[in-house]
Each structure stands twice: as structure tokens, then as C-alpha cells.
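Now for the letters of each chain:
Protein chains: 2
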Amino acid sequence: MNTNNLSTSVIFPIGEKLETDRFKGTVWLKMLTPADSALPIGNVTFEPGCRNNWHKHAGGQILLVTGGRGYYQEWDKPVQELHPGDVVTIAADVKHWHGAAKDSWFSHLAIEVHPEIGPATWLEPVADDDYNQLK
Amino acid sequence: MNTNNLSTSVIFPIGEKLETDRFKGTVWLKMLTPADSALPIGNVTFEPGCRNNWHKHAGGQILLVTGGRGYYQEWDKPVQELHPGDVVTIAADVKHWHGAAKDSWFSHLAIEVHPEIGPATWLEPVADDDYNQLK
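Those protein sequences? They're chains A and B, same order as listed.
Using the working numbering, the first residue of the first sequence is number 1, and each one after it goes up by one.
Using the working numbering, the first residue of the second sequence is number 1001, and each one after it goes up by one.
The following block holds chain A by itself, in its conformation from the complex (with noise of 0.2 Å):
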């Protein structure tokens, strides 16, 4: 692992590699609350490239951008550009992706809003050709 162009903005751990399948390349995710917190926050490392599959959250999600440039889509959307100090509100159980640009580490907080009400359900990747012709 070379993290040594990550973005210097990162303040929070790295962490640990995440092992699945439920994201093209290679992701780092440190959960910041205690395991059996009413509101998970992970902070979530994406190396140039990455990006998750297409996925939903049954009580919706909140993105707080801290490094880096990537993406938000939602589906049957345009595609958003994210830098540092962006914020992505995501309702519940809209499908959508986020990922790192090609060329930049990304890496934002996760905030799962209320998690009681279920997990995430998780989709098809994104199609390579939509993800390469991204800017």
C-alpha cells in the first residue's frame, strides 16, 4: 500500500483494507464510533479509481467530502464532482454510487442516518464504459 499521495487534507485514520466485492479496487474504511453506536460514521478511503457498486440505504446516508476528488451519482442522474467541504445528502433507498476520479485518492466521511431501520441493499457495479469517460 502507498498512501503517500493521498490527499494531505485527510485527518481522520485510514484504517483497515476492506475485503468485498462490493467495490471495484481498493478501499480503506475506519469506523470512528463504537460498534454498537446508534449513528455509524466510517471514514471511507478510496484509491484513484475506486468506486462502490450501485447501492441504496434503507434510512439513507450523509457523505462529508475530506479529501482528495471524486463522484456522487445518483441514478438516472448527472454525475456530481466532489472536492474537500462538499456534502452529499442521500435519501433514503435512492440508488447511487460514489467513488474516487481516476487520476485522485478520495475520501469522505459516511454518516448512516438512521441505521435502525436497515442495512444497505447492494446492486450491480458500475458499468465500466459510464465510469471511464468520467472527467
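Check before you lean on any hint, since a few could be wrong.
[As the list claims (entries may be wrong)] Covered stretches of chain B, going by a simulated chain A footprint (3 or more residues, C-beta under 8 Å):
(1) 1011-1018
(2) 1033-1041
(3) 1085-1091
(4) 1111-1118
[To be verified] No farther apart than 16 Å at their CA atoms in a straight line, the calculated lysine to aspartate or glutamate pairs in the EDC-like style are these:
(5) A:Lys24 <-> A:Glu124
(6) A:Lys30 <-> B:Asp1086
(7) B:Lys1056 <-> B:Glu1074
(8) A:Lys102 <-> A:Asp129
(9) B:Lys1056 <-> B:Asp1076
(10) B:Lys1030 <-> A:Asp86
[What the hints assert, rightly or not] Here's a subset of chain B near chain A, in silico, CB distances under 10 Å, partners left out:
(11) Gly1060
(12) Ile1062
(13) Leu1064
(14) Val1065
(15) Gly1067
None of these hints come from the bench; they were simulated from the model.
Ideal placement from N, C-alpha and C gives every residue a C-beta, glycine not left out.
Following the hints, complete the assembly by docking chain B onto the known chain A.
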């Protein structure tokens, strides 16, 4: 207002100066979520020496420290010194205060946990003698 000496780690907007008698010193607040959010998140920036009064939250609160050096204290407990990357989970109805060190700006994200339970209750100022002896 002079924020030139604010920590370079600041990511989120500083927002507006807060006119309040619940803090000693000058504090800025930028709400990062919409006014009707189920999960209000604010970016709070304290000038050196600024701290809030003792208070408690009906549903609890989580602080994510993003810049500078500051303190957190619960009633009848020792003061904790805070630095960027620190996370404080405050249980419901626990009397506490937070704020900057005398010689440093301080910024944290503040997340209200279960705000639907009720608002914060504001109490007496932190005793100057107690604050002034902090290093």
C-alpha cells in the same frame, strides 16, 4: 474577523459568527445539512479561548475534530485534550462543555444524535478559574 491563523486543516466552510450568550468568546457556525435534516450537522469554529457553557443534549451528540487544539469535559470528569481526528461520543443528557485552547483555534463537526427526542439544555458558564488553569 481574522482567520488567517486558523488551522490549515480546515475543510468545511466557517459560516457566520454566532450571536449567542451560550459561549464565551467568538464562535462561527456553518450548518452542513438542510434546515429540515433528520440529522443536523454543523461545522463549529472557536477562536482561541472560546468555549461553550455547560450543556446537555436530549439525544446525545458526536464531535469530529477537524482542526486546532481544544478540550472536552464531562461534569465531575477530567478534561480531555482534543486534536484533529479525535472523535467524542456524548451520551444523552450528559452535562459537558467543549471549546478551544487559549493559544489555538479549534474546529469540529457537531452531529446531533436523535434530535427528534428534544433540544439541548444550556446551563452555567465554565468557571474561569477552571478554564484558565488548562494547559
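Verification of the supplied hints:
With 3 residues carrying a beta carbon less than 8 Å from a beta carbon of chain A, the region 1011-1018 of chain B meets the three-residue requirement, and the given coverage holds. With 6 residues bearing a CB less than 8 Å from a CB of chain A, the region 1033-1041 of chain B meets the requirement of three and the coverage assertion stands. Counting residues of the region 1085-1091 of chain B whose C-beta lies closer than 8 Å to any C-beta of chain A gives 3; at least three are required, and the coverage claim holds. Coverage of the region 1111-1118 of chain B by chain A holds in this model, with 3 residues showing a Cβ closer than 8 Å to a Cβ of that chain against a need of three.
Pair hint A:Lys24 plus A:Glu124 holds up; C-alpha atoms about 11 Å apart against a cutoff of 16 Å. Under the criterion of a C-alpha separation no larger than 16 Å, the hint pairing A:Lys30 with B:Asp1086 is consistent with the structure, at around 13 Å. The hinted pair formed by B:Lys1056 and B:Glu1074 meets the criterion: a straight-line CA distance of about 10 Å does not exceed 16 Å. As the CA atoms of A:Lys102 and A:Asp129 are separated by approximately 13 Å, the hinted pair is consistent with the 16 Å bound.
Of the supplied pair hints, the one linking B:Lys1056 and B:Asp1076 holds, its CA atoms being roughly 14 Å apart against a limit of 16 Å. Distance hint between B:Lys1030 and A:Asp86 is fulfilled; the C-alpha atoms sit about 13 Å from each other, no more than 16 Å. For B:Gly1060, the suggested interface contact is upheld, since its CB lies about 8 Å from the closest CB of chain A, less than 10 Å. At a threshold of 10 Å, the smallest CB-CB gap from B:Ile1062 to chain A is about 6 Å, leaving the interface hint in force.
For B:Leu1064, the shortest C-beta to C-beta distance to chain A is roughly 7 Å, which falls under 10 Å, so the interface hint holds. Against a cut-off of 10 Å between C-beta atoms, the interface hint on B:Val1065 holds, since the closest Cβ of chain A lies about 8 Å away. The beta carbon of B:Gly1067 comes within 8 Å of a beta carbon in chain A, closer than 10 Å, and the hint placing it at the interface holds.
In terms of the numbered hints stated before, the structure departs from none.
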